[in-house]
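Peer 1: Single-letter residue listing:
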Amino acid sequence: MSTSDSQPPIASEERTTLGETDNDPIVLLELIQRLKVRDVMTSNLVTVPRDATMQQAQELMRQKKISSVPVEEKGRLFGLVSIDDIIRALVAGTIHESCGRHMTTKLVVLEDDMPLSFALRYFDRYHYGRFPVINRDRQLVGIICHRDINRALLVELTQELHRLEGASLQKDGDDGSGSLYLLREFPICKYDFENAGKAANQIKQVLQEKKLPPKIIRRIAVAAYELEINLCVHSDGGVLSWQISNGRSEIVARDAGPGIEDVEWACRDGASTANEWIRSLGFGAGMGLVNVRRVSDEFDIKSKKGSGTTVKSIIYIEDKAS
Amino acid sequence: MTMSKVAEVLQAEVLVKGDGMSRRVGHVMASDLMSDVLLVDEEDMLLLTSLASDQVLRTAQIVGAVGVVVVNGKPLPSSMVNVANDLGMTLATSRLSKYDACVAVHTARHPL
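Residue numbers (the numbering used here), protein chains in the order written: chain E, 685 to 1006; chain R, 2 to 113.
Honestly, the hints are just simulated from the structure, not real lab data.
Glycine residues also receive a C-beta, built at the ideal position from the N, C-alpha and C atoms.
Misleading hints may appear alongside valid ones.
Claimed, not checked - From the derived model, a few chain E residues whose C-beta atoms are all more than 10 angstroms from chain R:
1. V775
2. T778
3. R805
4. I818
5. K888
6. K899
7. V906
8. Y909
9. E910
Said to hold, decoys possible - Not the full set, but computed from the structure, chain R residues with beta-carbon under 8 angstroms of chain E:
10. V29
11. M30
12. D33
13. L34
14. L39
15. M46
16. L52
17. L88
What the hints assert, rightly or not - List of simulated lysine to aspartate or glutamate pairs, EDC-like, C-alpha gap at most 16 angstroms:
18. E:K720 to E:D796
19. E:K996 to R:D87
20. E:K899 to R:E43
21. E:K882 to R:D87
22. E:K989 to R:E44
23. E:K989 to E:E945
24. E:K899 to R:D87
25. E:K988 to E:E948
Work out the full structure: start from the sequences and follow the hints.
Peer 2: Okay, here's the thing in structure tokens:
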């Protein structure tokens, strides 16, 4: 049998290392954490059944201008026919035989709820040009290639640019009414304990430089720290945003999953889903959200199981700021 | 009592002097649970802990602690010294247990 074993690699110059270094712009790091594979993949799929001939697959790829076609029946993924497979079939004279015999069967697949950063690591590790995407029920739901990622990032970056242009009208120092204005965003990665706490430490240092009252600084720092640790420990990664304007500090911890089933329960003393490893690091006692609410003047949490969580902490600083 | 004096009482080895050696220690918090540490509202607090991780130092910085003493003679990861230097946080180790360290500080402050 002339089938190949695995997906074909792509040339090394096409490989991406986005997110692998500290030099990538923060906005890009945040995007690849926030976006999920399902947000980026092509879901309008062209597929063939196992009994289609390799020639039919070749003709379909030519018509649709695609470099591979998944072999699928009733949502179940059986393999992938790539250009390499077609060339092998042409050389071996098996182009009229079934895709089921000559398709690539050892596939590396991605799940649709994985963060985009995970997909990028797969592209870098396996050097494949594309990955089929399945959902939790193991059904084929899409395919993802570099072009999909580039397109999605361009769209998201354009939107982010518009948002930042709006924000940049106000710079650190003054919000136009004489009040202090600050804006910072920190991407937080899942289980990144090496860096967990750095964002809150930076926030505290900035507040100390601005000479805010120590008690206000402590409350803001504690809220930021607890929310940062929560993102690190409980989410798939997210963003900690911090803004001071109109005499108040607003910290927003936003993630894209996995969401909280019972928000009321999660806000109780001692309620925790942390594992032993997290507890061994001194966290996961179920006091995080309780502590954030304790130090906040306004507190809000929105979450839904299967999607993201957004926690907001507002602390007034205006009357007490020096 | 200054942090320098407390280190002496705890027979501690000071690994990073940081900004705390001459500061007054007004309160001692002994805990391995960082969320408990974050509940304390005292600025001149010393943290005694048997947890040897970078997050102990970051937690101590958030609450404005005078310093951190890791008890039970626990070996520290080298990253802790680097983080303590970055944060200017006083870092020391003591062979005393957490309980004995608390007793030693209390006795030094209130002699029998």
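Peer 1: Next item in the hint list is M30 (chain R). Is there a CB on chain E closer than 8 angstroms to its CB?
Peer 2: violated, 13 angstroms
Peer 1: Compute the least Cβ-Cβ separation between K899 (chain E) and chain R, then decide whether it is above 10 angstroms.
Peer 2: Incorrect as stated: the minimum Cβ-Cβ distance to chain R is 8 angstroms, not above 10 angstroms.
Peer 1: Using the nearest Cβ pair, does L88 (chain R) come within less than 8 angstroms of chain E?
Peer 2: This hint holds: L88 (chain R) lies near chain E, its Cβ roughly 7 angstroms from the closest one there, short of 8 angstroms.
Peer 1: Just want to verify: R805 (chain E) was marked as not at the interface with chain R; is every Cβ pair farther apart than 10 angstroms?
Peer 2: holds, 24 angstroms
Peer 1: Hint L39 (chain R) vs chain E: min CB-CB distance below 8 angstroms?
Peer 2: Holds: closest Cβ of chain E sits about 5 angstroms from L39 (chain R), inside 8 angstroms.
Peer 1: Using Cβ atoms and 10 angstroms as the threshold, tell me whether T778 (chain E) really stays out of contact range of chain R.
Peer 2: holds, 57 angstroms
Peer 1: Run the distance test for K988 (chain E) versus E948 (chain E): straight-line Cα separation, threshold 16 angstroms.
Peer 2: holds, 12 angstroms
Peer 1: Hey, is E910 (chain E) genuinely clear of chain R, shortest beta carbon separation above 10 angstroms?
Peer 2: violated, 7 angstroms
Peer 1: With 8 angstroms as the cut and Cβ atoms as the points, is M46 (chain R) at the interface with chain E?
Peer 2: Check failed: Cβ of M46 (chain R) comes no nearer than 11 angstroms to chain E, outside 8 angstroms.
Peer 1: Does the claim that V906 (chain E) lies outside the interface with chain R hold up, using a Cβ gap greater than 10 angstroms?
Peer 2: violated, 5 angstroms
Peer 1: Checking one constraint from the list: CA of K882 (chain E) to CA of D87 (chain R), max 16 angstroms. Satisfied?
Peer 2: Distance ~11 angstroms between K882 (chain E) and D87 (chain R) Cα, so the pair holds.
Peer 1: For the pair supplied as a hint, K989 (chain E) and E44 (chain R), confirm whether the alpha-carbon distance does not exceed 16 angstroms.
Peer 2: violated, 39 angstroms
Hint check: violations occur at hints 5, 6, 7, 8, 9, 10, 11, 15, 19, 22 and 24; the rest are consistent with the structure.
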